[in-house]
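Next come the chains, spelled out residue by residue.
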Amino acid sequence: GDSVTQMEGPVTLSEEAFLTINCTYTATGYPSLFWYVQYPGEGLQLLLKATKADDKGSNKGFEATYRKETTSFHLEKGSVQVSDSAVYFCALSDNTGNQFYFGTGTSLTVIP
Amino acid sequence: NAGVTQTPKFQVLKTGQSMTLQCAQDMNHEYMSWYRQDPGMGLRLIHYSVGAGITDQGEVPNGYNVSRSTTEDFPLRLLSAAPSQTSVYFCASSYGGTSQPQHFGDGTRLSIL
Numbered sequence: 003g004d005s006v007t008q009m010e011g012p013v014t015l016s017e018e019a020f021l022t023i024n025c026t027y028t029a030t031g032y033p034s035l036f037w038y039v040q041y042p043g044e045g046l047q048l049l050l051k052a053t054k055a056d057d058k059g060s061n062k063g064f065e066a067t068y069r070k071e072t073t074s075f076h077l078e079k080g081s082v083q084v085s086d087s088a089v090y091f092c093a094l095s096d097n098t099g100n101q102f103y104f105g106t107g108t109s110l111t112v113i114p
Numbered sequence: 008n009a010g011v012t013q014t015p016k017f018q019v020l021k022t023g024q025s026m027t028l029q030c031a032q033d034m035n036h037e038y039m040s041w042y043r044q045d046p047g048m049g050l051r052l053i054h055y056s057v058g059a060g061i062t063d064q065g066e067v068p069n070g071y072n073v074s075r076s077t078t079e080d081f082p083l084r085l086l087s088a089a090p091s092q093t094s095v096y097f098c099a100s101s102y103g104g105t106s107q108p109q110h111f112g113d114g115t116r117l118s119i120l
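Top to bottom, those sequences are chains F and E.
Last residue of the first sequence: 114 in the numbering used here, with the numbers rising by one and none dropped.
Last residue of the second sequence: 120 in the numbering used here, with the numbers rising by one and none dropped.
If a hint is listed, it holds; no wrong ones were tucked in.
Far from chain F by the CB rule (all over 10 Å, computed), these chain E residues:
1. Ala9
2. Arg84
3. Leu86
If we take Cβ atoms under 10 Å as the criterion, some of the chain F residues that face chain E in the derived model are:
4. Ser34
5. Tyr38
6. Lys51
Please keep in mind that the hints were generated in silico from the structure rather than gathered at the bench.
Positions of the beta carbon are idealized from the N, C-alpha and C atoms, including for glycine.
Turn these sequences into a full structure, and let the hints steer you where they fit.
Here it is in structure tokens:
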């Protein structure tokens, strides 16, 4: 079945460091791919999405490119801030558009 | 601008008790879903609904029931709570299924003793 494998955490970075969180997926057909972010005590919020191969999603300085050849959707940010500290989830929407699969989440802490 | 509202925020139950977790959205979304979030396992889909009167099972449906009598509400029922159901539960909704951005509630933290 469909699944998402996400880089294990936790990740601790200094402010202004470069961030990469790896995400790979297994799916039939052409799923849509997402990154969600969860701040402490809150629900998940959409960070960015991509719906087809080679699409690049971007938001708030974060980027991820849908790579069908490597079945990957890695999250990157060039210069992290303390306010980026959160848990990040990679996710895919299956071919039916009815089921959603999340990765296990990666906790990011950014220190001043 | 309420979005997705979940109640209660916290609950403690004893094994064998029953309970309903409430979820309501005011965005006229057809698709609604329930997830549980457990440490090291991310979020897993319990049940979902593509419209009033239509529900289906997700990845981990055992021990949970749902119904969808209106577009706005999608309650999740635990008929006989078990310690394995201790988790944080999230409700989500979207305009057109999972290919569209999901709007999440703030969650219900449930402990089963």
